[in-house]
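**Q** Below, each chain spelled out in residue letters.
2 protein chains.
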Amino acid sequence: MNFKRYLPILQWAPHYSRNQVTSDLIAAVIVTVMLIPQSLAYALLAGLPAHVGLYASILPLAIYAVFGTSRTLSVGPVAVASLMTAAALAPLAEAGTPEYIAGAVLLAVMSGLMLTVMGVMRLGFLANFLSHPVISGFITASGIVIAASQLKHLFGIQSSGHNLIDIVGSLLSGLADTNLPTLLVGGGALLFLVWSRRYLKPLLSKLGLAPRAADIFTKTAPILAVVVTTLVAWALRLDEQGVRLVGAVPSGLPSFTMPSLEPSVWSQLAVSALLISVVGFVESVSVGQTLAAKRRQRIDPDQELIGLGTANLGSGFSGGMPVTGGFSRSVVNFDAGAETPAAGAYTAVGIALATLFLTPAIAWLPQATLAATIIVAVATLIDLPALARTFRYSRTDFGAMLATIVLTLVHSVEAGIIAGVALSIGLFLYRTSRPHSAVVGLVPGTEHFRNVLRHDVELCPKVTFLRVDESLYFANARFLEETVMDLVSREPELTDLVLVCPAVNLIDASALESLEAINERLHDAGARLHLSEVKGPVMDRLKGTEFLEHLGGGVYLSTYEAWQALTNRPAIA
Amino acid sequence: MNFKRYLPILQWAPHYSRNQVTSDLIAAVIVTVMLIPQSLAYALLAGLPAHVGLYASILPLAIYAVFGTSRTLSVGPVAVASLMTAAALAPLAEAGTPEYIAGAVLLAVMSGLMLTVMGVMRLGFLANFLSHPVISGFITASGIVIAASQLKHLFGIQSSGHNLIDIVGSLLSGLADTNLPTLLVGGGALLFLVWSRRYLKPLLSKLGLAPRAADIFTKTAPILAVVVTTLVAWALRLDEQGVRLVGAVPSGLPSFTMPSLEPSVWSQLAVSALLISVVGFVESVSVGQTLAAKRRQRIDPDQELIGLGTANLGSGFSGGMPVTGGFSRSVVNFDAGAETPAAGAYTAVGIALATLFLTPAIAWLPQATLAATIIVAVATLIDLPALARTFRYSRTDFGAMLATIVLTLVHSVEAGIIAGVALSIGLFLYRTSRPHSAVVGLVPGTEHFRNVLRHDVELCPKVTFLRVDESLYFANARFLEETVMDLVSREPELTDLVLVCPAVNLIDASALESLEAINERLHDAGARLHLSEVKGPVMDRLKGTEFLEHLGGGVYLSTYEAWQALTNRPAIA
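Order-wise, the sequence lines are chains L and W.
Residue numbering for the first sequence follows UniProt numbering, starting at 1 and increasing by one per position.
Residue numbering for the second sequence follows UniProt numbering, starting at 1 and increasing by one per position.
Be aware that a few hints might be false.
Facing chain W, from chain L, some residues (calculated, C-beta under 10 Å) [claimed, not checked]: (1) Gly188; (2) Glu481; (3) Leu506; (4) Glu533.
No lab work stands behind these hints: they were computed from the structure.
Note that the coordinates shown come from a computational prediction; the quantities given were computed from them, not determined experimentally.
Heads up, the beta-carbon is just placed ideally off N, CA and C, and yes, glycines get one too.
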């Protein structure tokens, strides 16, 4: 057993230096300050009591420090996973009830189990089937749904729904009940946060702060909004004005929580847990890879599954909610100079201290402030220019992206992601089932062959070189037969057909039968079939089949060799 | 509107010669004689009254002559589609009841609608997703299930079930009730048919018959078994001995039948109708293509969908059952010298005459005789050597084939086919998600580049040529990033990386982002990314993207050009 693979902590802990300790400690303090409001806010978004967000930011961070391969990834509750948690639990129980909270625990445990098992079985590649356009469309649409879902907290009204249509409908009908003090607090926080994103950094720089410090300080601005609005709420007794506060939070560290073992609940949440796991993993790995590349480090996606899986198990068993590697917190951690995963462990200590000592103050925090921090945070997720970019590059990718966005907005997050994946796989199969092919000729003065329609090339009568630009497999085997027979019926003089195969990465059993059929039909028509540039792995397979025995022509290493042999022209050299 | 496309009859009817009329008429007589017992038998297999098989062999043949593109395909009830019909209708009603018969009519109409719509929308390519190994495994397993299901008629006992386990179990428990006269009739017919398959043709040749005539006469042997056993049953009043006969058949031509319009039945049969349509289409097209190729003719798969679709509509509206192009009858039609689809129309007339005048005689036909003809017919479908052949060539294809066979045998035909398709698509995606790649070098004295591990090639320090053997798309985009970064981390001296792209048939939006990332990371590492042998269609897409602007290196038409430019070696010529 490879301990270093399964315990990446063994790779860095033995060389952990004093300098690194200092860097990690500084980063941890900054991330802790940023994480407190974020954790509370995302718990709220998931329909959970605010302290659950804190619980989910203690044990998971410590565990990830042991099992994770990214030096700087910071795990915890994130916006999209919280939205998916809320959507998954909505049919199960009323938000905030004990059954609902137990459901969140179970989701974290199930997600943890799934990720860990996938990691041990090295199934990380499955996440690749979430294409860039689908994941980007999904995150944009989720951002829009999340922002809309928080408006009710800003206006202090009741509303519900897990897709844009329901949310907006419910919001409009409740708008008459707007609570003005809530709107003032929430709107004020929102304006401050928007302002600080845009103007605080230049201001701080002007005041003489180093650019990096200014940057980090700007990113922790939410804590300022939290402190000020909490003080205002306490001083003015805003709860008596109808402003909803976070309210009494159990103080003390989380205790061991046993997840439900009810099979019906497990099967009800299985699909949701899988989607939360895969989406969270993709988000986490792309953040981790981006940060690792900046410092010439590497992350191991399969081990990341184990890191995230164990972190989720830790979250569930300590009364938390599904967690994953978050973008904004990881960037802050990175920019603040974290050098090893120990920074995450120190952050866990910071959050634990907050849970122990700050809960009386948190009780006075207006929910509208948290809603404002969420809206500002998810605004960065919405990437509309990506739509235009994808549209320009590929209609196919755009189609999958648009389907994901539309279904996420009008139906549900789960329908959106499933439709996106199914559509992108379907479109890929469709594309490969009708491959591009080209008759090629010799580029004069070289040994290189290109498409006769695009390049000025030499041809040879009676010998046709056909390049097929796809692996030959069941979906296009019959298409190949039709292409070749069409070509042959158009050229009655043909004596030799060379199938140029540099793009053929695979010939499966169906395609082999089609090649046999082509060979036989060409033979009947008095022509020979040849192959050229067959790749090593493909050739290995063909050896030992009857096809090679039956083949009317030869197999040439290069197309130029075939050209020389079949046209009887002297070699250049 | 292209009339000739949608009405292939316009292509041959205007030139229909007297010679062709004669050939077609002779073929029609022979096929009619063969088709009568076959039609009755397959209706029985589908759990329908025997005359339904005759109804399904009149109008469909006439319609296919107008809309079909194969000159020699003969449509009608076939073994596999009949088994699938029985499996589809079993949950709906008791076999033979009016609801059951109405269900068969509806299946034919739905299948007809689906095929016609697919034809008009040119969706024939969808059938390609049934790979050769899956369809071959499916037909083998269906043949076994069909043969087993007919044993009850041979033994004259009751039994039921739509998979091998149920059928054999039910058969064993009923064996004590075997009816001896039935077994004698059925066993006798079976022995005669097996004998005639093996020895009748040599015998006839010895007696001086021309080989082709001997062949055709041998294939119509079932009619002899039918005539003899019918006479025996009538002469000995075998029905009084417990031998089950076909019984009273309504005489006269089929009349117009209105299918059920109950939405619940439609939705219940939708999946079955689709599977029957697709499997029937695949079977039909492969038979049609094989026969067409022998005479240098072509068939148009999309128009074939319309031909089969309208034939099924005709079958349904005239009280029939799902039909498709059958292998054995088409081969007989072809061998008997049919030259145009008119032969099918003449056959329809022959079957209509039989329906009008032979029904009193058919009433005395023992069911055991029909069971014997089915068993002998499906024995040719079972192709066990194909399993070994597929196993040797490709474990992946074999896996999909085996799953299809096992599920068809132990569960149901529908589960078998669905599992086979899903598994073959899944395995294909898995293979493309982990593409083969190779560092390549120059084959000395040529301009050709091959794998350094397989060939003795020239290399150049600091410049690496990496050939990726797959289209770059979402499923392998991240894999590409990992491959390249692994390579770079192993070669610290590297200054230039050339991605050799002859096998890259597609770069989707996800892969484009990965290439951007690779380019950027190489730049950070002080190296340049180049591309070579990018194909026309791929290059067209890349033009206009930011990737080409950001690209650190160049794009070379051929890998040899890149070699010359980057290694500063003189050209050969």
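**Q** Each hint should be assessed against the structure and marked as holding or not.
**A** Structure-based check of each hint:
1. Taking 10 Å as the C-beta cut-off, the interface hint given for Gly188 of chain L is violated, the closest approach to chain W being about 39 Å.
2. Hint status for Glu481 of chain L relative to chain W: holds, with the closest Cβ pair at about 8 Å, below 10 Å.
3. Taking 10 Å as the C-beta contact cut-off toward chain W, the hint placing Leu506 of chain L at the interface holds, the least distance being around 6 Å.
4. Because the beta carbon of Glu533 of chain L sits about 8 Å from the nearest beta carbon in chain W, less than 10 Å, this interface hint is met.
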